[in-house]
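Visitor: One-letter residues, chain by chain:
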Amino acid sequence: MLIDRAHKNWFVGITFVAAFAIVVYLLFPSSRGTYGGTIPGLIFGGSAMALMLFAALLGERKKRPVLRVGRGSTWMKGHIWLSLLLVVFVFLHSGFRTGGLMTTILWVLLATVTLTGILGLVLQQFLPRTMTNTLPMETIFDQIDYVSSQLRFEADTLITGIVGPLGIEIVPPEGIKMTKLKEGIPNEHTEVIKTLYLKELRPFLNDTDDKKLFGTSGKVESFFAQVKLRVPADYHVCLTRLAELVEEKRQFESQRRMHLWLHGWLLVHVPLSMALLLLAVAHAIMALWY
Amino acid sequence: MAEIESKLEGTALSVEELLKIPIFTEGAKPQLEKNLGAVALRKFKKGDVIFREGEHGSTAFYILKGKVKVFINTPFSQVATKSRLASKLGFKNLVSTMTSFLKTRDQTEKEMASPKFISIDAPVNLAYNNPIAQLNEGDLFGEMTCLSLYPRSATVVALEDCEMLEMLRNILNVLQRNPEFKKKLDADYRERALTSQLKSMPLFSSVDEAFLNHLKQSVEFISLNEGQVIFKEGDTADAFYIIRRGFVKVSKKMPGGDLVLSYLPRGSFFGEMALIHLVNPHPEGGTVMRNATCAAMDPVELVKVKLDDFKQMLVRYPSVAAQIRSTVQSREIMNRYLMSTPSDQPLDDFLTQGLFQAQNLLVLDLEKCTRCDACSQACAATHDGVTRLIREGLRYENFLVATSCRQCADPLCMPGCPVGSIRRKESLEITIEDWCIGCGLCARSCPYGNINMHSFDVKEADTQNAGQVKMVAKKKATTCDLCTDLGEPSCVYICPHDAAHRVNPQKFFKLGGAEASFLK
Chain A
1 MLIDRAHKNW FVGITFVAAF AIVVYLLFPS SRGTYGGTIP GLIFGGSAMA LMLFAALLGE
61 RKKRPVLRVG RGSTWMKGHI WLSLLLVVFV FLHSGFRTGG LMTTILWVLL ATVTLTGILG
121 LVLQQFLPRT MTNTLPMETI FDQIDYVSSQ LRFEADTLIT GIVGPLGIEI VPPEGIKMTK
181 LKEGIPNEHT EVIKTLYLKE LRPFLNDTDD KKLFGTSGKV ESFFAQVKLR VPADYHVCLT
241 RLAELVEEKR QFESQRRMHL WLHGWLLVHV PLSMALLLLA VAHAIMALWY
Chain B
1 MAEIESKLEG TALSVEELLK IPIFTEGAKP QLEKNLGAVA LRKFKKGDVI FREGEHGSTA
61 FYILKGKVKV FINTPFSQVA TKSRLASKLG FKNLVSTMTS FLKTRDQTEK EMASPKFISI
121 DAPVNLAYNN PIAQLNEGDL FGEMTCLSLY PRSATVVALE DCEMLEMLRN ILNVLQRNPE
181 FKKKLDADYR ERALTSQLKS MPLFSSVDEA FLNHLKQSVE FISLNEGQVI FKEGDTADAF
241 YIIRRGFVKV SKKMPGGDLV LSYLPRGSFF GEMALIHLVN PHPEGGTVMR NATCAAMDPV
301 ELVKVKLDDF KQMLVRYPSV AAQIRSTVQS REIMNRYLMS TPSDQPLDDF LTQGLFQAQN
361 LLVLDLEKCT RCDACSQACA ATHDGVTRLI REGLRYENFL VATSCRQCAD PLCMPGCPVG
421 SIRRKESLEI TIEDWCIGCG LCARSCPYGN INMHSFDVKE ADTQNAGQVK MVAKKKATTC
481 DLCTDLGEPS CVYICPHDAA HRVNPQKFFK LGGAEASFLK
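From first to last, the protein sequence lines stand for chains A and B.
With the working numbering, letter number 17 in the first sequence gets 17, and the count goes up by one each step, no holes.
With the working numbering, letter number 483 in the second sequence gets 483, and the count goes up by one each step, no holes.
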């Protein structure tokens with residue numbers, strides 16, 4: 001979520017509550033060794049637990065869009081800011097101590113969950129904008145493989161029409177019927193195109209190379225500029241289209257990488273959040289019982 | 001006598017044979033001679049399907065002998081937004097929400113207000129709750145398909161062995177020029193369809209049977225050709241109209257050209273806006289002018305209710321005045337909204353992407369959107385698992401214009417629906433009602449690909465194995481209805497990043513002023 005002026009009230013509110021909590025902590029120091037068992041300590045602990053439960057409910061909220069129990073964006077803002085507040089509460093609840101094994105594990109989990117959450121938030125500040133600016137051909141993430149197969153098929157068809165049979169198996173994308181392709185007549189120039197296509201471009205379009213050759217749009221442009229110098233102008237239209245297809249594929253690969261960054265942190269954040277919640281519940285039961 | 005080559009299935013009839021049928025008069029002889037083969041005698045056995053809803057055709061049928069059943073086979077529902085029950089907080093609503101999962105779909109449907117009748121291409125209307133009717137000897141059906149090539153609006157099955165005349169448009173025209181036949185058609189319509197049509201209109205809901213009978217007898221029938229103007233903006237208002245056949249375009253003059261306020265299908269009514277002066281007379285008196293132009297989109301037949309009858313009705317039934325007031329108010333709000341967004345806006349992408357047509361656009365702020373797809377998932381969760389938006393489309397500035405209904409100023413999807421199920425009510429959203437028969441015409445007409453045909457399985461009697469049922473795939477059109485029942489589109493409501501917005505594009509992209517003048 002982009003942190004902008006719409007977060008001002010949340011920021012002010014949470015800062016005020018955190019400051020108030022710190023003042024309470026300082027005004028009521030613990031006479032015993034630990035702080036968690038004191039009344040303010042229990043209040044901080046209980047509040048942190050409640051906020052943890054609220055933070056965990058975000059996933060459930062998203063699964064039930066028909067329920068009008070607050071806008072998704074409000075829930076997300078609450079998730080971010082109240083989770084930060086809960087870290088303050090946990091610090092105050094613990095009296096800034098790590099405690100025994102269980103509480104140490106809780107600390108490690110809390111730190112990991114908080115840091116992955118902050119990482120996700122930081123990524124969300126610039127990656128969407130970068131994707132928008134650098135990937136004009138962006139598609140739906142789940143469709144990347146299918147659209148890539150369409151690009152590959154179009155490139156195969158285009159090159160076959162210029163250089164003749166490629167000697168490789170040409171598979172149409174799912175749902176498209178294979179028809180006999182128009183075949184060009186080979187000559188010395190088409191051989192250059194064919195070799196480059198099979199050696200450099202086809203593996204890139206087919207996801208079987210390391211993609212370094214076409215890492216940026218500049219690299220794609222310069223590659224095709226050099227190829228155009230080696231063949232007569234008659235072939236330039238075909239090469240221009242091929243360059244577009246390669247550029248599109250390059251953008252899809254960039255999108256795939258950025259998308260994984262944008263959402264990959266959730267693979268750590270969500271399961272550890274669940275573990276943290278379960279362990280926190282266990283900690284609360286044990287602390288209250290004993 | 002040489003055999004006549006039929007342009008249709010069945011046996012072609014000679015002019016002499018046709019003239020023996022009372023619906024053809026001696027005066028029609030030259031036309032019949034010119035159109036030999038354009039009418040054929042068709043024989044159907046009991047249970048034969050004459051045509052199915054959604055099929056394409058170009059002929060009309062006249063029943064010479066026998067009876068047929070006319071019905072809509074596609075099950076209703078499948079297109080509704082989830083109940084508003086789920087949209088409120090509070091213990092009572094929480095309980096309702098929880099128990100709503102225990103209800104069957106049918107129960108929930110019944111709780112929702114539903115229309116009483118569906119207009120079809122026949123001299124009868126189908127009751128919404130039981131969409132089956134019977135046609136008998138002397139009935140004509142399939143005229144809309146024959147005249148305007150719209151898909152068939154219902155399925156017709158022979159109830160007994162039948163004989164029918166199947167005819168092409170030129171023969172139907174000959175029939176309609178026969179005053180006796182036309183009189184009979186009008187009388188049939190007056191007797192069988194008009195009553196149900198009047199009863200189904202909220203305006204007449206409080207009017208008793210006696211007055212409806214009076215109206216039925218006093219109304220006038222009018223036929224218009226394609227493009228003919230019914231009344232112009234500024235004309236004196238003198239009547240109220242009900243559409244018996246065809247589509248009517250309602251438009252208003254704007255600086256950039258005509259703005260289409262609506263396309264009205266068969267069964268709709270118009271002209272009531274001007275009748276408000278009967279309820280709230282102007283202090284200085286005088287006549288009231290029409291505030292929009294209405295024209296026939298194709299061969300149209302109208303029922304004209306005279307002003308005097310209206311006056312009488314208002315005196316007798318004060319609740320009708322309240323009804324008129326409320327309808328006029330809703331339509332005025334809607335018209336004001338449409339007119340507040342003039343269609344002459346800057347060129348470039350705004351024009352090429354057709355955004356000037358849009359009244360309500362789903363845009364995603366790409367600088368905020370994390371491509372989490374919560375919007376599509378929310379849409380699917382709200383509409384029986386089928387999303388009505390695709391998170392892909394053209395970009396305008398840093399916004400993605402998602403593939404979802406734009407509520408166009410000129411909704412090209414509306415004209416032609418054979419059962420009038422795609423419509424704009426007294427609000428902005430274009431709704432596809434649940435009696436959609438899945439012909440796909442609206443989906444093909446939408447220039448932006450924002451109407452999707454959604455397949456679903458239904459049980460149907462297996463004709464090859466008597467007594468057995470089989471699963472058959474049926475289709476229905478779906479489009480964004482702005483989740484009207486829920487108050488706000490779910491895609492916008494659930495977006496966790498505040499990236500999805502439903503906006504008026506002209507206002508949202510801050511066009512107008514200098515940019516708008518650049519266009520002129």
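Just so you know, these hints were derived from the structure itself, not from any lab.
Don't take every hint at face value.
DSSO-like, lysine-lysine: derived pairs with alpha carbons at most 30 angstroms apart [stated by the list, open to error]:
#1 B:Lys474 to A:Lys177
#2 B:Lys199 to B:Lys232
#3 B:Lys216 to B:Lys199
#4 A:Lys63 to B:Lys474
#5 A:Lys8 to B:Lys507
#6 B:Lys183 to A:Lys77
Visitor: Hint by hint, note whether the structure agrees.
Guide: Going through the hints against the structure:
no. : hint                 : result
1   : B:Lys474 to A:Lys177 : holds (25 angstroms)
2   : B:Lys199 to B:Lys232 : holds (28 angstroms)
3   : B:Lys216 to B:Lys199 : holds (11 angstroms)
4   : A:Lys63 to B:Lys474  : holds (28 angstroms)
5   : A:Lys8 to B:Lys507   : holds (26 angstroms)
6   : B:Lys183 to A:Lys77  : violated (69 angstroms)
Violation of the numbered hints given earlier is confined to hint 6; every other hint is satisfied by the structure.
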